[in-house]
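Top to bottom, those sequences are chains A and B. Last residue of the first sequence: number 1154 in the working numbering, and the count goes up by one each step with no gaps. Last residue of the second sequence: number 1154 in the working numbering, and the count goes up by one each step with no gaps.
Worth double-checking, as some hints may not be accurate.
Note that the list lumps identical chains together, so a pair holds whenever it fits in one copy or between two copies.
Derived pair list, reagent style DSS-like, types lysine-lysine, alpha-carbon separation capped at 27 Å [as the list claims (entries may be wrong)]:
no.: 1; residue 1: K1145; residue 2: K1032
no.: 2; residue 1: K1032; residue 2: K969
no.: 3; residue 1: K1032; residue 2: K1093
Keep in mind that the hints were calculated from the coordinates and are not lab data.
Number of protein chains: 2
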Amino acid sequence: MPETTEQLILEKAKEVFMQKGFAGARMQEIADAAGINKAMLHYYFRNKEKLFKVIIEEVVQTLAPKLGAALHGDDPVTEKLEKVIRLYIAMIKENPYMPMFLMHELSQNRAEFISVMKRRVAGFPDFPAFFMQVIQEQQAGKIKPINPIHLMMNIMGMVVFPFIAKPVVVNLLDLPGAQFDAMMQDRADIVVGFMKNALRVEKRE
Amino acid sequence: MPETTEQLILEKAKEVFMQKGFAGARMQEIADAAGINKAMLHYYFRNKEKLFKVIIEEVVQTLAPKLGAALHGDDPVTEKLEKVIRLYIAMIKENPYMPMFLMHELSQNRAEFISVMKRRVAGFPDFPAFFMQVIQEQQAGKIKPINPIHLMMNIMGMVVFPFIAKPVVVNLLDLPGAQFDAMMQDRADIVVGFMKNALRVEKRE
DNA sequence: TCTTGCGTTAACCATTTGGTTAAACCATTC
DNA sequence: GAATGGTTTAACCAAATGGTTAACGCAAGA
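Could you build all of it, start to finish, from the sequences and the hints given here?
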């Protein structure tokens, strides 16, 4: 099944943009990676920004529905969060640069970026509904009280951090990269356990 | 007290590098910010990489001792972690770009960076000792069992994430920036609470 | 006052880099 | 097989960007 040139470019551009960021990425490098002439990039995508925007679109379109699916439905909060954790950790394992990429580019306030994000894609998570559920379970005494947004940030922080901070951790702790990766095998279980403990209400005595 | 040109350059270079990253920063922009000629940058720091390296050095030298101080001493683990959380959140509030900057540049595997990190500065935290303490408290039944490295990553993730992800969160949740900042006031308390709950062992009945 | 040398500037240079153009290639169609 | 039109290439261009140079200013010392 022969890949079209356009697909090939997108694929390679994604790799380069994700690893180097917009400012660090070079059109020439993308062309080389795709084994084509630099002019092709412009033929298919006009310019660097347009190409970048397409990648962004793709990334957002991949991430949002995953979150949407996990938070949707009737499961209790802790189960939904467990889904989020496992889903995202699995995905980041295959795409380690994605979180860093997203955050770094977003922090540059690229207008294109924001607009893509704002235009909610199909399957976009229904945050208000989920936050409501969190509050209800708290009032019912099923989980510890905590602001749902903070809770969400706690989860995402624990999920995302190890991947963007791998170089820091490895260097700070003098840990071989392979050993770090091995540790990451358990990561999902550990975060899930930590989260459940943190939300667990003590039994009344 | 008149600031020397060198200090002025460092100050402005730090701002620009931290916000734009190495690849995104422009020597001209730094010069403009400092209100001087571009040649001055090269006069004092020879080239972009050298200037960058000095900034890196400064950042690492600021961060490591803070962690070292918090982890040092005889306090119980949860208190030490509480210190870490409060110290870092306070510092990041004054320097919101620092975490993003550090991680993004680290992820590029800049050799200079790694070398600076490896050369342990004064006050560098004694991780092995702290990890040992964590394990001892776990065996004594004072805190829930968890791999100390995972624990540390959980903490740092929760501390750092909101700052690097502010644009993502704000856009995803349609939250006014000011409201987000207001929420950040409580951040330290919430992370401390979350951490303590997660580590708390249930009372035996 | 003349000299010395650090600090500073404007102008300039070379390379990188995003982007363009005109011609060539090649499969499909008439 | 000539014409058509999408695809690809090599060569080129202009702007951006990191870096250099030569001259100037000016305070401190001789």
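Hints breached by this structure: 2
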